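Residue-level listing of the chains:
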Amino acid sequence: MKISYYPGCTLKTKAANLEAAAVASLAALGIDVEEIDRWNCCGAVFSLTADDLIHQVGPVRNLIRARDQGADKLVTLCSMCYNTLARANRIMRNDPVKRDTINRFMDDETDYAGEVEVVHLLTFLDQEVGWERIRGKVKVPLAGLRVAPYYGCTLQRPAEVGIEPFGSFTLMTSLFEALGATVAPFNAADTCCGSYQVLNGQDGARGTAAAILKSAAAAGAEALATSCPLCEYNLGKQQGKLLAGGQIDTPVPTYYFTQLLAVALGVAPESCLFSLNDEASLELLKNRNCLVAA
Amino acid sequence: MTLTITDQTIALKSFEKLKELSGENVKLCMQCATCTGMCPMSAEMDHSPRKVMHLAQFGLLDRLSESNTYWKCASCHACTVKCPRGIDIAKVMEALRQQVLRRNKNYIEPSVLPAERIGELPQIALVAAFRKLTS
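Chain order of the listed sequences is A and B. Here this note's numbering = 1-based position in the first sequence + 4. Here this note's numbering = 1-based position in the second sequence + 660.
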């Protein structure tokens with residue numbers, strides 16, 4: 005099996021661990037990942053004003069690239085890329101007036117009408133691979149690891165592009181159960197981490213991040229999993245500051261869901277780039293014997 | 661915050677402009693404050709999302725222009741998915757931001773941001789924040 009893949013900018017640098025672990029996991033599952041050529045920025049946030057079409061050009065151009073390279077599905081890993089591409093795709097499918105304007109503006113491209121389906125990797129694993137097949141491929145069960153599935157905002161909101169209904173977390177839950185982990189549901193699984201507000205209002209973003217981590221710890225989670233590099237930054241990389249400032253008192257090492265998948269499938273930890281995570285993350289997996297022997 | 665309806669308080673033009681930009685009808689709002697309850701940033705805001713909707717219902721863009729509410733909004737859509745009146749409140753917040761930004765005003769000034777913070781943040785944080793908070 006082969007999939008067309010859109011990485012997005014952050015996955016090539018700050019969140020290379022999200023991508024590397026996904027590519028290694030998919031290889032272990034017998035799936036080839038084909039990165040689309042000449043991709044560009046997705047825009048990171050979907051433009052919400054009714055008259056703003058120029059900011060749809062970037063995401064739509066990626067979808068055109070995918071279609072022209074023979075893809076009917078485009079798999080994404082980053083939650084923000086998923087949201088932006090899927091929402092832009094909905095405009096091209098459902099709004100004939102906006103579609104026509106955007107197509108006429110991009111007169112160097114063949115007209116696009118939403119032929120490509122934007123799919124998040126969690127959905128792909130559920131629908132195209134299956135939890136039982138993943139369970140059968142697990143080499144290092146994450147036995148005893150209590151993981152909180154954290155969705156944040158953009159995987160589920162708004163409803164028309166949600167990978168599953170608001171308030172439901174079955175995809176990550178099924179994945180981690182298939183990997184042998186214990187899932188720790190918690191109340192803040194879809195609470196915003198503070199998102200891009202971290203650029204300007206560090207305190208506000210830290211407050212929301214602290215509330216999420218406290219909720220996870222109170223639910224008995226010792227690890228938290230996400231699919232968004234911005235959530236990982238606010239919850240994982242900022243955790244040292246939250247601990248030092250007394251805003252949280254229990255560390256909750258933060259992972260990308262692809263990293264937990266990869267280690268369970270027996271991928272070497274070096275290939276999961278744990279050096280880009282918060283410091284405690286590799287240590288916890290070592291202590292729980294969740295890493296393949298060197 | 662009590663508002664009295666008079667000829668002076670209702671600014672129809674402002675109301676229509678907001679409707680055009682957001683595509684949403686704020687008059688559907690029944691002031692239940694579910695949005696405020698859902699909002700993770702409401703503690704940072706000078707007006708709660710409910711109050712902003714109230715001011716918007718009266719078309720009071722002058723008073724809204726001084727509010728920090730829509731600048732603290734992180735576009736997480738928690739309000740939108742729970743609004744019992746089906747209003748996409750995130751779109752209303754975006755329209756309020758855009759009314760300021762389209763006058764060529766920045767809410768944050770990129771050139772004064774500390775270099776180490778810029779260097780540390782993931783790219784999506786920078787792209788998203790600059791798109792939401794600068795013109």
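Just so you know, not all the hints are guaranteed correct.
What the hints assert, rightly or not - One-sided excerpt, in silico: chain A residues whose CB lies under 10 Å from chain B:
#1 Lys18
#2 Val49
#3 Ala54
#4 Asn98
#5 Phe128
#6 Gly134
#7 Trp135
#8 Lys143
#9 Gln160
#10 Pro162
#11 Asn191
#12 Asn204
#13 Ile216
#14 Glu274
#15 Ser275
In case anyone wonders, no lab produced these hints; they're calculated from the structure. Here the structure is a predicted model, which means the values were calculated and not measured. Cβ coordinates follow ideal geometry from the N, Cα and C atoms, glycine included.
Okay, the hints, checked on the actual structure:
1. Lys18: The hint holds - Lys18 (chain A) has a Cβ within 10 Å of chain B, the shortest such distance being about 4 Å.
2. Val49: 5 Å, holds
3. Ala54: Given a least distance of 4 Å, the restraint on Ala54 (chain A) holds.
4. Asn98: 14 Å, violated
5. Phe128: Phe128 (chain A) check fails; min Cβ-Cβ to chain B is 21 Å, beyond 10 Å.
6. Gly134: 29 Å, violated
7. Trp135: 27 Å, violated
8. Lys143: Violated, about 31 Å.
9. Gln160: Holds. Min distance 8 Å.
10. Pro162: 5 Å, holds
11. Asn191: With Cβ-Cβ at 12 Å, over 10 Å, it is violated.
12. Asn204: With Cβ-Cβ at 5 Å, under 10 Å, it holds.
13. Ile216: Hint on Ile216 (chain A): holds, closest Cβ of chain B at ~9 Å, below 10 Å.
14. Glu274: Where the cut-off is 10 Å and the nearest Cβ of chain B is about 22 Å from Glu274 (chain A), the hint is violated.
15. Ser275: Violated, about 21 Å.
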